[in-house]
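Residue numbers (this note's numbering), protein chains in the order written: chain A, 327 to 426; chain B, -15 to 149; chain C, 114 to 668.
Do not take every clue at face value.
[What the hints assert, rightly or not] Cut-off 25 Å, straight-line C-alpha distance, at most; resulting in silico cross-link-like pairs (SDA-like, lysine to any residue):
#1 C:Lys448 x C:Glu395
#2 B:Lys64 x B:Arg52
#3 C:Lys289 x C:Ala539
#4 B:Lys62 x C:Ala516
#5 C:Lys594 x A:Ala338
#6 C:Lys161 x A:Ala375
#7 C:Lys291 x C:Ile412
#8 C:Lys291 x C:Ile377
#9 C:Lys372 x C:Ser607
#10 B:Lys64 x C:Val147
#11 C:Lys291 x B:Arg143
#12 C:Lys161 x B:Lys145
#13 B:Lys145 x C:Tyr402
#14 C:Lys401 x C:Gly383
#15 B:Lys64 x C:Lys340
#16 B:Lys64 x A:Asp389
#17 B:Lys62 x B:Arg29
#18 B:Lys62 x A:Arg415
#19 C:Lys221 x A:Thr360
Everything labelled a hint here was simulated from the structure, so no lab data went into it. On a predicted model such as this, the values are computed, not experimentally measured, just so you know.
Here is what each chain is made of, one letter per residue.
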Amino acid sequence: MSTKAKARPATAPVVFTANRLRDGRVVWFGAEGTWRDRIDGTTPFAPAAAEEGLALAQQGERDQQVVGVYAVEVDPAGPTPLKFRERLRVQGPSVAAEAA
Amino acid sequence: MPLLEDGRLRPDDWTHVEDEAPLPEGPAIVSLARLRAEAASLAGRNAPLGVALPPETQPEEIAPFLDRLALIAVKMPKSKDGRAFTQIRALREHHGFAGEIRAAGHILPDQYAMLLRCGVTTVEVPEGTKPETWARSRDTIRIAYQAAQGADRPLSLLRRKLELA
Amino acid sequence: MNALTPPQYARTYRYDEIDREFLQERIAEFRGQVERRLAGELTEDEFKPLRLMNGLYLQLHAYMLRVAIPYGLLNSAQLRQLGKIARRWDRGFGHFTTRQNIQFNWTKLEDVPAMLEALAEVDMHAIQTSGNCIRNTTTDEYAGASPDEVVDPRVYAEILRQWSTLHPEFTWLPRKFKIAITGAPHDRVAAQVHDVGVLAKRNERGEVGFEVHAGGGLGRTPIIARKLRDWVPEAEFLAYMEAVLRVYNALGQRDNIYKARIKILVRDLGDEFTQMVEREYERMPRDKYRLDPEIVAAIAAHFAPPPFAALDDQPLPEDPEFRQWAEASVRAHKKPGYASVTISLKPIGGIPGDASAEQMEAVADLAERHSFGEIRVTHVQNLVLPHVRQEDLHALWQGLRAAGLATPNIGLISDIIACPGMDYCALATARSIPIAQRISERFASLDRQHDIGECFINISGCINACGHHHVAHIGILGVDKRGEEVYQITLGGSATNDAAIGELIGPAFSYDAVVDAVETLITTYIAHRAAGERFIDTYRRIGVMPFKDALYAPA
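So that you can see chain A by itself, here it is in the shape it has in the complex (with noise of 0.2 Å):
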């Protein structure tokens, strides 16, 4: 389940994401510490201190808050994930029909 989040030692800024146990909705983890519904806002975690980060948003999982914890590179403005596929899971789906 946490594969994902043993990939490569970070390289740029990252905060952190999951889906929230009870309602599959995804969530967001940076400093503050807390999970939060939106990416807006979160301060990211320096490279050096991703790992640490890691273990605090995986005491979310064992918490039985949220599902599958993994880190998200970003552009530290917004922040805003680096991977296309990370924007998509922020903005959502990218095709019309079902948009929130």
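Given chain A, work out where chains B and C should sit, using these hints.
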């Protein structure tokens, strides 16, 4: 490790014996390698003998020893690894093994009814396990749609009422 | 009539009190599993296989619940209830899949037991729609209606459904296990690319038996199945299936998820696999597994023909727009005066396989009015009304048009199979749906589509190939190349009797360039085609080079 039978914990008379260790007086479970290497001397013991059947071993390979065995322990390295189900069913169905079949390893209460339907007798469960979770899991679904080894009563079509409790 | 009561003549397997009791027990079991998970008694690693076995995935944005539509058969009450579920617990849509199931993309874990209760009201469930177990058996969407049918596959698909439900030995297999069965000489189920493909047939005495293939599949290692046996007598059908599954469960790879499907075992063992199945089959206590003819007859009764009227074939009305739709959507029926109608879930620019709650209700109403209340889901993500009077076709077309369901593109270039891709799926490496939408928009002219003729485009958003790209005339596979979505194209695949895996044509195309590439392939085909040739025929005649030259020629 606690032992579950009929949905309840019961004392375990058996000892798992390491390959190099001397055999105890009472019932002993040995490895397949030791069973093969020491078949003659093991047969001479006065206490019941069991073997640990590795998941990758086909039951045919222990067929020559079956009449001397009182217990076969199958292993699920992970709960997702279901080879033991086929081993258990084959031991009962093809080899007519009537002794105790014990399942060990990482097993979920949710797998208990299916293990019983394949022919298992006992399950080694983790310390602190709640036997009532296992009993409830076994008793939740009482209708099945196919022939198996555990007790059941035909209803109609392919369906049968399970009598696992 | 209660809205939950299916119409009298809709031929789906009708649950009795035993089946309903079982379903309630299964819901109770899952409800208990959810409670244990929320209470922390089960870890996610332990819960995951349990939720998957009940169709619940965790996707990119949310949980997704996949509901079983056994062998693609629905009655109108069931379809209406799916619409209700879409409205109440999703965002008003459902997504029909290539395995003839339906998915809801915005499910909440804590709502799932209530959703299962709503499904059970119409004898439906999500059992074994995922997980390493025997999945929903797929079959011919024209079963019971097609003129070329020799054996009704629904009877044996239902027997397989029951037999495989919570099978005590085969619920923790090395990997998922998919069976397809057909009863017609023309294979419409892609039998040869399934873990087990079954061809039901009859001998000279009229008895039913089965030709069994195993070890086919798509995914990252596409393989055409190996024939195990030419004839398994009906009474031994389940015994033989048990034998195949026993060998697989004992010997299939467990340490590498990418080599765990039965196709790898069959490929590696070759004829030895067949011999092992035969040895197991020979020595098993066959009486115990014998399929009693009375059971077959009792299940077959559920699929007895509806009361067809004695009619004559009718000429179609002279309405050009209707004619264009009919040419694409209407198929011959075994009964004179009747026809089978395919309903396109591929509107130009739409999401392949999506239907809104309102559309599900509209189709349910039309099925009740025109098709004995029966609906089928196809593996190309469309719907079928199997038994429509020819004299009703024009009225049906008008009803479909009012619901936005009359796109006349069945079998044409915009009738695209697409997996959910990266827009929804956690495994995907690229988007699929927007590619399908843009191709569909590029070829929006229906006159042009009809001129191009039959052409199958399938799109997968990762190497797992849920979009069946390997067996498309034009297959598109989206992959990730250093953070960018790029698309590989394969040509010449086929999923029917002449099953073939498509050939990779060359370097991948960018998200922006892939639609132009498809257009280049089509103009190349048009330039080379002989009279009456489909895309695939021209490709087979002239080979890959002209297409390659056109795609990769220096500008």
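Quick rundown of the hints versus the structure:
| no. | hint | verdict |
| --- | --- | --- |
| 1 | C:Lys448 x C:Glu395 | violated, 42 Å |
| 2 | B:Lys64 x B:Arg52 | violated, 31 Å |
| 3 | C:Lys289 x C:Ala539 | holds, 18 Å |
| 4 | B:Lys62 x C:Ala516 | violated, 50 Å |
| 5 | C:Lys594 x A:Ala338 | holds, 19 Å |
| 6 | C:Lys161 x A:Ala375 | violated, 30 Å |
| 7 | C:Lys291 x C:Ile412 | holds, 22 Å |
| 8 | C:Lys291 x C:Ile377 | holds, 14 Å |
| 9 | C:Lys372 x C:Ser607 | holds, 24 Å |
| 10 | B:Lys64 x C:Val147 | holds, 18 Å |
| 11 | C:Lys291 x B:Arg143 | holds, 22 Å |
| 12 | C:Lys161 x B:Lys145 | violated, 28 Å |
| 13 | B:Lys145 x C:Tyr402 | holds, 17 Å |
| 14 | C:Lys401 x C:Gly383 | violated, 29 Å |
| 15 | B:Lys64 x C:Lys340 | violated, 29 Å |
| 16 | B:Lys64 x A:Asp389 | holds, 24 Å |
| 17 | B:Lys62 x B:Arg29 | violated, 34 Å |
| 18 | B:Lys62 x A:Arg415 | violated, 32 Å |
| 19 | C:Lys221 x A:Thr360 | holds, 21 Å |
Checked against the numbered hints above, the structure breaks hints 1, 2, 4, 6, 12, 14, 15, 17 and 18 and satisfies the rest.
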